Amino acid sequence: MTRAALFIAAAAGALAISAPAQAAAGPTDPQIAHIAYTAGSIDIAAAKQALKVSHNATVRDFAQQMVRDHEAVNAKALALVKKLHVTPEANATSASLSKSANAELAKLSKLKGAAYDREYLNNEVAFHKAVNGALKSTLIPSADNAELKSLLETGLSLFQEHQAHAEQVAAKLK
Amino acid sequence: MSLLPRRIPLFAVVAGALLPVAPPMPAAAATHVVVIDKMKYAPVPPLKVGDTVVFLNNDMFRHTVTETKNRFNLDLMPGAKGSLKVNSAGKADFYCKYHPGMRGSMIAK
Chain A
4 MTRAALFIAA
14 AAGALAISAP
24 AQAAAGPTDP
34 QIAHIAYTAG
44 SIDIAAAKQA
54 LKVSHNATVR
64 DFAQQMVRDH
74 EAVNAKALAL
84 VKKLHVTPEA
94 NATSASLSKS
104 ANAELAKLSK
114 LKGAAYDREY
124 LNNEVAFHKA
134 VNGALKSTLI
144 PSADNAELKS
154 LLETGLSLFQ
164 EHQAHAEQVA
174 AKLK
Chain B
2 MSLLPRRIPL
12 FAVVAGALLP
22 VAPPMPAAAA
32 THVVVIDKMK
42 YAPVPPLKVG
52 DTVVFLNNDM
62 FRHTVTETKN
72 RFNLDLMPGA
82 KGSLKVNSAG
92 KADFYCKYHP
102 GMRGSMIAK
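Listed in order, the protein sequences are those of chains A and B. Numbers 4 to 177, taken from the numbering used here, label the letters of the first sequence in order. Numbers 2 to 110, taken from the numbering used here, label the letters of the second sequence in order.
Be aware that a few hints might be false.
Claimed, not checked - Straight-line C-alpha distance at most 30 Å; calculated DSSO-like pairs for lysine-lysine:
#1 Lys98(B) / Lys132(A)
#2 Lys139(A) / Lys92(B)
#3 Lys92(B) / Lys39(B)
#4 Lys85(A) / Lys92(B)
#5 Lys82(B) / Lys175(A)
It should be emphasised that the hints constitute simulated quantities derived from the structure, not laboratory data. Please read these numbers as outputs of a predicted model, since none were measured by experiment.
Isolated chain B, as found in the complex (with noise of 0.2 Å):
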């Protein structure tokens, strides 16, 4: 249930320094931290557009954050994180890789 433009990637992985990908951000952007710990990720609140995600691996395993369309991918270790910034409004499935019954979403409006 995708309500993204084709041609606009929902999410953009930050990698280091913020990549020229996303659009002017909005005033009110917000930087959320969500936490994967106990096999778990915990629930990512509802996003806006130029909001950046931040995944921190609080767990003992080493885990990702995988779109179902591989549309982006964290691979983190324990104690690691990566960013994402949402450039446009829709809704990404995520799982982990390594441990497929790991699940998560994120809606950004």
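So that you can see chain A by itself, here it is in the shape it has in the complex (with noise of 0.2 Å):
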């Protein structure tokens, strides 16, 4: 298991993550930037993926403010790690992110109408509650540098809004 080996395991669509049980060292500054940065990744995939299939008015435009938002998010760690000479390094917790994220979008590939709206909405909430836990109780506290511990603590900020948004909308959908 490397450092950044956190415990990660998709149930019912729903990532869930959690600090890793020998929590003695945490993952380097390299492997924090290449998992945020993937974990804005995805959400931007799964966001363009819902302005080509959703037709509801909210949920698209949540869809919107997801790609806006998370790109912003990793232009600024993109221009971070260069300006640090910061090398983001591949993990196991990014692979895993990833490979979750990949059967989510097939999984939701063969939905339309009101059962794609629902299950891209629990989705998103299942996905920023996952990540919210981990920034908080392993990236933040991992994270060396104070401009990363920074971006982060603001990414946190960030994501704490979009799962209360998205709880917001997934309620309306019911």
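Now that you have both chains on their own, put them together as the hints suggest.
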């Protein structure tokens, strides 16, 4: 297990991320950068799929905001790693996130209409909840660089907003 | 908790040129810059009638400054700024339409 190998499980389309059982050493900054960027890219891909499939105005507004906000964070993250001369390091957590996300995208691709909208929003709630948990318990405490830590903290504030927003939209779709 | 006379708006959005909605400006009118950054509004200092509040979005995200009763709304892309002119005394609470957990308030005397 690498230092960044957080335990990740996919359950009923929802990601679950928790701190490693042996938390003696957290992920490194290059690994954290890779995980954060991957999480943002996953949500952008999901939102772009929603913009192709969904005809619900509220869902589309939400998806457009996800693209806008996550692209902004990822652009900032790229600029920061360039400035710090850090190369993001692929790791088991990023790989697991991508694998689960691809499975969810495949699942969503078979749905249409209200069923698609509900599944997309339910997964958005679960995804942001899982990422927020990882940010609070592992990624932010493990970050060494002050600028990276600050970006992650801003990301946490943003993603908590997204989670609340997703919960509101999901409730309207029931 | 509004101290406003109902017929007079507390703030007027200033778009480009000044709008002719403000009463005569007091001699001590000031301009206050309130920065938006890291998903937060900086505190708005105490205001006086005639003052101008400039919201500067230094964050990486698009934000709004939207009064809770929709009496004013500034929609600010990253790096953009927008102004409000204080027309009368009172309190205004505002939030971001895109990130409703972001909240602030301003009081004018």
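Notebook entry, point to check: Looking back at the hints listed earlier, which ones does the structure fail to meet?
Noted result: The structure conflicts with hints 2, 4, 5, although it agrees with all the remaining ones.
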